[in-house]
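First to last, the protein sequences are chains A and B. Position 84 of the first sequence, counted from 1, bears residue number 84 in my numbering, the numbering being contiguous throughout. To convert a position in the second sequence, counted from 1, into my numbering, add 1000.
These aren't lab readings, by the way, just hints derived from the structure by calculation. Treat the hints loosely; a few may be bogus.
Calculated lysine to any residue pairs in the SDA-like style (CA-CA distance at most 25 Å, straight line) [stated by the list, open to error]: (1) A:K282 to B:K1195; (2) B:K1641 to B:S1460; (3) B:K1432 to B:D1473; (4) A:K121 to B:R1645; (5) B:K1453 to A:I125; (6) B:K1663 to A:L45; (7) B:K1414 to B:C1399; (8) B:K1293 to B:T1244; (9) A:K240 to B:L1532; (10) B:K1530 to B:N1652; (11) B:K1195 to B:I1254; (12) A:K236 to A:R274; (13) A:K278 to B:L1541; (14) B:K1501 to B:L1532; (15) B:K1453 to A:G130; (16) A:K82 to B:K1673; (17) B:K1663 to A:M89; (18) A:K276 to A:E96; (19) A:K55 to B:E1418; (20) B:K1663 to A:E97; (21) B:K1537 to A:S247; (22) B:K1236 to B:A1246; (23) A:K98 to A:E147; (24) B:K1486 to A:G130; (25) B:K1663 to A:Q119; (26) B:K1414 to A:K82; (27) B:K1673 to A:P129; (28) A:K276 to A:I125; (29) A:K121 to A:S247; (30) A:K82 to B:L1546; (31) A:K251 to A:L241.
In case you want the letters, here they are:
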Amino acid sequence: MKNKMLIIGIIIILIISTGCSLGKKPGDVEPESVDYHTGTEGLVLNLVEGRPPGKIWPGSDFLIEVELRNKGAHDIEGGKLKLHGFNPMYVSPSEEEKPIQTLYGKSFGYPEGDYALIQFKESNILAPPGKTPLSFTLSAEYDYATEASAEICVSPDITPLAKTIEAVCEVKEINLKGGQGAPVAVTRINEIPSYKGTNLNINFILDIENVGKGEILGDIIVENVKVGTQNLVCDKTDFKLKEDTKSARLKCELNMLRPSGPYTSILTAKFSYRYKTKLDSKIEVISEE
Amino acid sequence: MAKGAEKQRRKEMWKAEQARRDKQAATKERLLREQALRRARELAGNGPERPLAGLAKTEAAIKAKQQAAQAPAAQQAAPAKPAGPSRLNKFGGWLKAGVAGMKGYLAGKLTSKGDGEEKQKSPPSQLTGWIFFFVSIILYWFVDLATGYNGIDIGFFIGLGGADWLYKSGILTIIAIILAFQFIFSRPESGAEFKSDIFLDIVLAFVFIIARYSVGALYHAIFILGIWFFLLRPVKSRIDANRTLAILILIDFIGFSALEYLLSNTGFLGGAGIVANYVMFPIFSLYLLGYLKVYGKSGLASFLLFLIVVLYIFGFVRNSPQYQTLTSEIDLKQREEAWGFWKTSIFRTKEFAGMILDPLGCSSLMGVSSSDYEDCLRERQYDRLCAEYGRGTEEYENCIKQKQGLDVTGTTDKTIKEFTKIEFKQPKEFPKQVQKEFSPPIPMQLNIESPKKPVTIELSCKFKTAGEEFDGDVQPKKIEEIIGTKELTVLCDKPSDKEYKELKSYTVTYTAKVEGIETESTLTRLFVGKELDEKEKSSLLSLHELTQTESSKSAEEFAVFSFGIGTPPTNPFINNNPTQVIIGNIENLANGKILAIENIEVNLINHITLTPACLKSFTQSGNSLILKPEVKNKLVNLKTKKGERLFLLGCNLQIGSDLAETKDYVKRGFSSKMTYTYEITKEGKFTVAKNLAIT
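Extracted from the complex, chain A is given alone in its bound form (with noise of 0.2 Å):
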């Protein structure tokens, strides 16, 4: 008896998973959707194999050979890349710095990003004392921008415990989690509707945090912050992010008639800032001893 009970959960077990397959045919594939505001990266540099080597002889020429890629979602245009940290008693030159071409952002037609390669030739002109190594760092400064979505509720019942008949949505903290294909994210959204007079007033607050590998260089510009194609009114303009925690948070206002009933709408922002990414590496003299 307990056999065949065994069996035959079996065979419904399958049934079920294999259901979902049946009624289609092959050759039904749908195109798939990608999200390329998504990551936590802007501008990544790393350095190509052997450039520089490990190790120089002392009074020998190398080259520095840079990868640039745009691993965020927006275009690079007019930035920068500075090679510093050397000592000047020892490399030649010490310091150089050079233009950084338009770099792509991802997209369909650049679904890894753009990329580029720069190089820096210097001389090694004295072996430096003991083992102490060459070190130096490269340093890339580019403006960028954080484009934001998130699904939002705007509901007329602005008690969060009562529940809508309809139930369309539900207001409640949105966390954006993995980033927008930039440096810069909006983390989390919470909302705090009131009412002034008969309209309905929302209130948005933005999360902002760095979650680059970067710093970002002085302000952060509030381009837009929209809900559908009503733009809201934020408390700034720009901002700083705070020092110890690396974050700020923005407040946007949303003012509108009385909806009847809950409804979904899409919130988008956008912030531009200049970014700096920064790469170390240090090279090893070979002693003549």
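Given chain A's structure and the hints, the job is docking chain B onto it.
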């Protein structure tokens, strides 16, 4: 009716209480009178003989009279007190009487230390003294040799980083425990006894703390307590016994080490050798001989003491350098040297005292901030060193600034292999013994490595034995412009007019004066244009293999010009402050002497401007600072020992905006080059054999 009975009952109770109080007062009076008489008898001469005995007798008579007169007055005053006989008072009285009785019993049973009992004490038998003497011999010659114990190094107390060791070591706790027990079981009778108890407690606490670290010290502690109990207490008052014990403990445990330290630090080095050996001065054995002589009237002890004094005179004094100096004629040069010696001694004594007192002076900052405490210690040290200029004067302020600069020390980079290395090495052929009649020149090997620049070496040698010193003939005398690596043998022969003395031990000293040594030091600074957070700092330090305090680096040479730039000058990061400090010192890195400075050059970089103070000892040439000739002429025979520094450069630098306000950090290197003459020496010892008669 009942009321009247109650009143009568209370009256009777009051009368009974009154009678009890009268009896108590009478007993108290009797005891006081007895005590006063006993005291008077003791002071009048029945007790141990004391100085100023006549005065003591008069004083005792007056005191006895006063106490006898006061006692009845107290008895009369007692019933006048309006103390009603309540139940509570009754209970309080019994409790008080009980506690007093218990205390009296304990005092009587456990202490028996009252002065009144001193007169009854008799010295222990001579045998006890001799037993202790022999045990002390065993302690010094067997126990100490077995445990390797040779007293406690005074450094234990000095090198514990300030007064916090008092807390850390637990000494205060132990003192508190000993004091508490003493108060409960053996309460001191007078203020003087109390003071002597405290003094002994402190000494004992030190001993017990130290004993934890050494088995030998523990044996000594036990032995010394035995001396106190069996030998000192029977013949001395509590105060005297305590004092003697404390002195013995201090001498035995730290006396020799402290004396040696004091002598070494005050320049009286010759003395240090004499007191260095702990076993040579077995203080307990010597004291016990003295004890037996005085209290046991032992002739043998007197003889042994005399013998030991004679042995000491012959064993130490005749061979000591002091004796030799004293017996030779004092000339003008020696007088100058002596004056210098005493000046140095006074200076070092002050330094030593300051070193001891500074931690106490700064103790209020301890625990608040370690950096404040360190700063306080440093400030006190600088103040002491500059006090001779007069506090508040410009010279004093300049001196303080200079001293603050003394903190910049260079670091040696052991990975730098190419530098001038010259050393003497004793060869296998160096003789241990020579014949008087056949004594070939004494060889010494000289290893030279001068990979970059040629150096010239002048050689000399001399022989020294007890009471005699003479120059030897050295071969070669001079090695001109040598470059690269070379090993050569230097021979030192006695002059033809001198002869070795049989059975004497000789020290031959070889000296090499090396001219033209060039040493380089390099300094790295990161101009960061702002104040960095700790994470950024640590990332950059790691990338550039730098440390939080970064001074100039050089090879492990004889000497170097070490310097630092920044705020403070050891900070590897230079922020956006356009004014920064440069400090430079000549530093002796080896055991020889810097005889002369031929040149110093400090290479700075573009965008850095010198302030006038930088040109006090240096002249500017482009981006370099060059030592002025007149300063160079003064820098001869520098009295800097290994690790010591001579301040030479200290001023502000103005940093140009290109560097001070840089957006991306940049690294810059500075260097110094010093050319100098250095002297190294090497000693070797040999003896002269007895001449064998040829048959």
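Here's how the hints hold up against the structure:
no.: 1; hint: A:K282 to B:K1195; verdict: violated (69 Å)
no.: 2; hint: B:K1641 to B:S1460; verdict: holds (21 Å)
no.: 3; hint: B:K1432 to B:D1473; verdict: holds (19 Å)
no.: 4; hint: A:K121 to B:R1645; verdict: violated (43 Å)
no.: 5; hint: B:K1453 to A:I125; verdict: holds (21 Å)
no.: 6; hint: B:K1663 to A:L45; verdict: holds (19 Å)
no.: 7; hint: B:K1414 to B:C1399; verdict: violated (34 Å)
no.: 8; hint: B:K1293 to B:T1244; verdict: holds (16 Å)
no.: 9; hint: A:K240 to B:L1532; verdict: holds (18 Å)
no.: 10; hint: B:K1530 to B:N1652; verdict: holds (19 Å)
no.: 11; hint: B:K1195 to B:I1254; verdict: holds (22 Å)
no.: 12; hint: A:K236 to A:R274; verdict: holds (18 Å)
no.: 13; hint: A:K278 to B:L1541; verdict: holds (15 Å)
no.: 14; hint: B:K1501 to B:L1532; verdict: violated (72 Å)
no.: 15; hint: B:K1453 to A:G130; verdict: holds (18 Å)
no.: 16; hint: A:K82 to B:K1673; verdict: violated (33 Å)
no.: 17; hint: B:K1663 to A:M89; verdict: holds (21 Å)
no.: 18; hint: A:K276 to A:E96; verdict: holds (16 Å)
no.: 19; hint: A:K55 to B:E1418; verdict: holds (20 Å)
no.: 20; hint: B:K1663 to A:E97; verdict: holds (13 Å)
no.: 21; hint: B:K1537 to A:S247; verdict: holds (22 Å)
no.: 22; hint: B:K1236 to B:A1246; verdict: holds (14 Å)
no.: 23; hint: A:K98 to A:E147; verdict: violated (28 Å)
no.: 24; hint: B:K1486 to A:G130; verdict: holds (23 Å)
no.: 25; hint: B:K1663 to A:Q119; verdict: holds (22 Å)
no.: 26; hint: B:K1414 to A:K82; verdict: violated (34 Å)
no.: 27; hint: B:K1673 to A:P129; verdict: holds (14 Å)
no.: 28; hint: A:K276 to A:I125; verdict: violated (30 Å)
no.: 29; hint: A:K121 to A:S247; verdict: violated (39 Å)
no.: 30; hint: A:K82 to B:L1546; verdict: holds (22 Å)
no.: 31; hint: A:K251 to A:L241; verdict: holds (14 Å)
Checked against the numbered hints given earlier, this structure breaks hints 1, 4, 7, 14, 16, 23, 26, 28 and 29; the rest are met.
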